[in-house]
Amino acid sequence: MNEKNKPILEVKGLKTHFTTKRGVSKAVDGIDFTLHKGETLGIVGESGCGKSMTSLSILRLIPSPPGKIAGGSVLFKGKDLVTMPEGEMREIRGNEISMIFQEPMTSLNPVIPVGEQIAEAIRLHQKLGKKAAWEKSVEMLRLVGIPSPEKRAKQEPFQLSGGMRQRVMIAMALACTPEVLIADEPTTALDVTIQSQILELIKDLQTKIGMGVIMITHDLGVVAETCDKVAVMYAGNIVEYASTEQIFANPKHPYTQGLLDSLPKINEDVDELKTIEGSIPSPYNMPSGCRFASRCPYKEEMCTSHKPELIEQNDGVKVRCWKYTDEWTGTIKKEEVV
Amino acid sequence: METTAEKKIILEVDHLKQYFKVKTDSLFKPKTFVKAVDDVSFQLFEGETLSIVGESGCGKSTTGRAILRLDEPTDGQIFFAGKNILELSKKEMRKLRGDLQVIFQDPFASLNPRQTVKQILDEAMAIQEVVAKPQRMDRMLELLRYVGLPPESLDRYPHEFSGGQRQRIGIARALAVNPKLIICDEAVSALDVSIQAQILNLLKELQKQFQLTFLFISHDLSVVRHISDRVMVMYLGKVVEIAEKKTLFDSPLHPYTQALLSSIPTLDPTLKRERIILKGDVPSPMNPPSGCRFHTRCPFAMEKCKTEEPALKELDRNHFVSCHIAENLPQ
Chain A
1 MNEKNKPILE
11 VKGLKTHFTT
21 KRGVSKAVDG
31 IDFTLHKGET
41 LGIVGESGCG
51 KSMTSLSILR
61 LIPSPPGKIA
71 GGSVLFKGKD
81 LVTMPEGEMR
91 EIRGNEISMI
101 FQEPMTSLNP
111 VIPVGEQIAE
121 AIRLHQKLGK
131 KAAWEKSVEM
141 LRLVGIPSPE
151 KRAKQEPFQL
161 SGGMRQRVMI
171 AMALACTPEV
181 LIADEPTTAL
191 DVTIQSQILE
201 LIKDLQTKIG
211 MGVIMITHDL
221 GVVAETCDKV
231 AVMYAGNIVE
241 YASTEQIFAN
251 PKHPYTQGLL
261 DSLPKINEDV
271 DELKTIEGSI
281 PSPYNMPSGC
291 RFASRCPYKE
301 EMCTSHKPEL
311 IEQNDGVKVR
321 CWKYTDEWTG
331 TIKKEEVV
Chain B
1 METTAEKKII
11 LEVDHLKQYF
21 KVKTDSLFKP
31 KTFVKAVDDV
41 SFQLFEGETL
51 SIVGESGCGK
61 STTGRAILRL
71 DEPTDGQIFF
81 AGKNILELSK
91 KEMRKLRGDL
101 QVIFQDPFAS
111 LNPRQTVKQI
121 LDEAMAIQEV
131 VAKPQRMDRM
141 LELLRYVGLP
151 PESLDRYPHE
161 FSGGQRQRIG
171 IARALAVNPK
181 LIICDEAVSA
191 LDVSIQAQIL
201 NLLKELQKQF
211 QLTFLFISHD
221 LSVVRHISDR
231 VMVMYLGKVV
241 EIAEKKTLFD
251 SPLHPYTQAL
261 LSSIPTLDPT
271 LKRERIILKG
281 DVPSPMNPPS
291 GCRFHTRCPF
301 AMEKCKTEEP
311 ALKELDRNHF
321 VSCHIAENLP
331 Q
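Chains as they are written, first to last, in the UniProt record's numbering: chain A, 1 to 338; chain B, 1 to 331.
The set of hints was computed from the structure by calculation and includes no laboratory data. Please note that a few of the clues may not be correct.
Said to hold, decoys possible - As a list, the in silico SDA-like pairs of lysine to any residue whose alpha-carbon atoms are at most 25 angstroms apart:
1. 265(A) / 220(B)
2. 127(A) / 85(A)
3. 279(B) / 201(A)
4. 127(A) / 87(A)
Looking at chain A on its own, in the form it has when it is part of the complex (with noise of 0.2 angstroms):
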């Protein structure tokens, strides 16, 4: 049980800017979350809001330049993976850190039959000979739930159907047992059909695995469906972190309760669909306060001119907005007196 409590993965303050012609853009702008054992941490939002950037510079995979780290660290069992030697960074990623990207397609080679691809990715962690390769990369597939694996091993990518590349992806990343999975959009691309066959694997061998999952998507009923925490993110900060249950019964920063309302549900009839006015703000011209004030409706002066902390509240639910501080309800006494 101690084990389970000391997180595997802890990401403090990290910051991933890009700087372009047009000037910097803060991806990613100092997020904090923590990763435990056998737990599984959804990273939620809309496109450009860092989910995606935030993934890949845990794994420092940011094109440099333009990107770069700019700040913060990510401690991995205790070492910090932003400033390690690019030599031990590549021997955990892919086997003590793995990812799944949305597209299988783009992440696989089309011309190396799959089983030799997996077989590849563990010869280069694990010293084992080309045929325990190829032989663990055909348990592997087996494992992920491939029919006839010996046969769909020696077959390319395009011979396969988005679902069944999805889990060769997952066989690569499984292979040499990560102890975190990054999952990158995971079934965004695949039917609904396919998506609960593949949630419901990636589950399975994570109880049979012990590894801890970061679940990043822009689908919240996936977030529902999975996730033990969830971690909102809006224009590149954690406005919302909590467990999965107080999100979804008791959503308390605007946005997520935006975003909650917009959704269509499937048990739920309604005339109109609420919405969040407005856009979100240039990347490059971020507001100096709070940077959802534009689009909130219980926006006040404070919130245009100062940036909210993330502060936990008594319930344990961390969340970035003046609403939930002593100085809110300083002005709503103020008007009251008013």
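For this one, chain A is given, so just place chain B on it according to the hints.
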């Protein structure tokens, strides 16, 4: 059918087939076809929203394209306002496209990047000759107001807009020619949820205002549930179920529809549902299974399903299902 008498049919698709030839590697091998849409019939009533749902490759988009005659159908008939549109000449068809508009998934790919919004809207009106030249400016401003874009947008290019705004331009262009029927092919699928909600509201509002009929093609069942009056589920080129929205979502009869509905993630983490997880993948439409096309993945498949193709039957009022098992269930 009772509703046929009550409501006016605007579009009738009758035994539509759309086969695509596949290249074979030898001259002597028989020609093979992808049967993208295989014998599909349905009706669309004036002012309603009918959704077509299904997974990739089920033929939902192909059906939409066939109605617009963007692909020439292999067989079948399509009647729009009583006219068989497959018999129309190119010129007559172009004229008819004023009544039949489409909104695509990717608004960036369907808008000319070198045209300003003004040129885009102007061209649409000029081709259909719906508005005389002097009145076009007023009409354009009116259109922008309908879709919620500022008047300054007229002189800007598509790349200057966000995804949601571009979709609004696409909608304005569709509206420019006073259409009766709009086919929305995955019109909100590429948008973020908060923007998606804005566009869905806009579509609903415009439908009320202009008495539009929508054929809404989507893979997203929660969106479909929100916007539709009736829903049609397709699997491998066939219609498996058509029903009123409420009936379909509350009491689906086809095992595929049941599985599809149960695989949607819910937003309530405390709710642990009994989920039907289908085994395997969708079979290739080049070589579809014999009998009922779903039998390879169906949890209830019987011997009969492997050999005999089920017909689409009205099992309940306005509830059509093609399934041997559902047929024999006590009502």
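Hint-by-hint comparison with the structure:
{"no.": "1", "hint": "265(A) / 220(B)", "verdict": "holds (11 angstroms)"}
{"no.": "2", "hint": "127(A) / 85(A)", "verdict": "holds (22 angstroms)"}
{"no.": "3", "hint": "279(B) / 201(A)", "verdict": "holds (12 angstroms)"}
{"no.": "4", "hint": "127(A) / 87(A)", "verdict": "holds (17 angstroms)"}
Of the hints listed earlier, there is not a single one the structure fails to meet.
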